[in-house]
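Position 138 (the sequence shown) corresponds to 1206 in this note's numbering; numbering is contiguous.
The set of hints was computed from the structure by calculation and includes no laboratory data. Bear in mind the structure is a predicted one, so any value in this text is a computation, not a measurement. Just to be clear, a hint being listed does not mean it is correct.
As the list claims (entries may be wrong) - Cross-link-like lysine-lysine pairs, in silico, DSSO-like; alpha carbons within 30 Å at most: (1) Lys1080 - Lys1241; (2) Lys1241 - Lys1265; (3) Lys1250 - Lys1265; (4) Lys1073 - Lys1168; (5) Lys1073 - Lys1209; (6) Lys1265 - Lys1073; (7) Lys1256 - Lys1073; (8) Lys1265 - Lys1168; (9) Lys1241 - Lys1168; (10) Lys1250 - Lys1168; (11) Lys1209 - Lys1250; (12) Lys1209 - Lys1241; (13) Lys1256 - Lys1241; (14) Lys1209 - Lys1168.
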Amino acid sequence: MSWLKRLFGMEKPPAQASVSPAPAAAPASTPGAAPTTGETIAPERMGLTGEYDESGLAKRVAFAFDQDAELTDIPSVDVLQTGSTVVLRGLVPSQTLLSKLITVAGAVTGATQVDSSGLAVGIPPERVGLTGEYDESGLAKRVVQALQQDASVSSAAPFDISQTLSTVVVRGKVPSQEILDKMVAIAKTVSGTTAVKTDEVTIG
């Protein structure tokens, strides 16, 4: 999932989206709102295509992250803004990525500083792999490992285990409700699991 979609619900950016757009004319003139037509939009209030947007800087930072191949979406990091200050908070898998986030955010037009006091290096529980490393599907893999350690459940395979953030998703066919209930109970004991989704499971 892209940064823009996760943080702002945007399926895809506008065709003319830019980290440094040319400011468009703004219509309103009320205190604290957009300037009157002909006035300059403050850089931190420019949206993806130069339009007035209260959270324009944060959106363009998210867009900049999406454009960098090294910064695939990190679901444990949020991007906000306070005036012209970009605020980053959450957990980052490594110091290298943390530094890269700060550098990229600071280079976006309108950003005067980057507040990274809310960032920390660490792995979110749902991204911890089988040996403690960062793994996008770490939770799902650890749930599979836990299920395989139970004879009654492992014999019920094949079934599919995946994850959506910290939600474990079970798909496929299991022989009985009792087995499914046991699978759910085991999945909930795995560190990082906040919910278990089973609506795509068939019994029988």
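For each hint, the structure was consulted:
1. Lys1080 - Lys1241: 35 Å, violated
2. Lys1241 - Lys1265: 14 Å, holds
3. Lys1250 - Lys1265: 14 Å, holds
4. Lys1073 - Lys1168: At roughly 21 Å apart (the allowed maximum being 30 Å), Lys1168 and Lys1073 satisfy the hint.
5. Lys1073 - Lys1209: Holds - the C-alpha atoms of Lys1209 and Lys1073 are around 25 Å apart, at most 30 Å.
6. Lys1265 - Lys1073: At roughly 22 Å apart (the allowed maximum being 30 Å), Lys1073 and Lys1265 satisfy the hint.
7. Lys1256 - Lys1073: OK: Lys1256 and Lys1073 at ~28 Å, within 30 Å.
8. Lys1265 - Lys1168: 35 Å, violated
9. Lys1241 - Lys1168: 44 Å, violated
10. Lys1250 - Lys1168: 43 Å, violated
11. Lys1209 - Lys1250: 17 Å, holds
12. Lys1209 - Lys1241: 19 Å, holds
13. Lys1256 - Lys1241: Holds, because 19 Å separates the two Cα atoms, which is no more than 30 Å.
14. Lys1209 - Lys1168: Given pair Lys1209, Lys1168 holds - Cα atoms ~28 Å apart, limit 30 Å.
Comparing the model with each numbered hint stated earlier shows that hints 1, 8, 9 and 10 do not hold.
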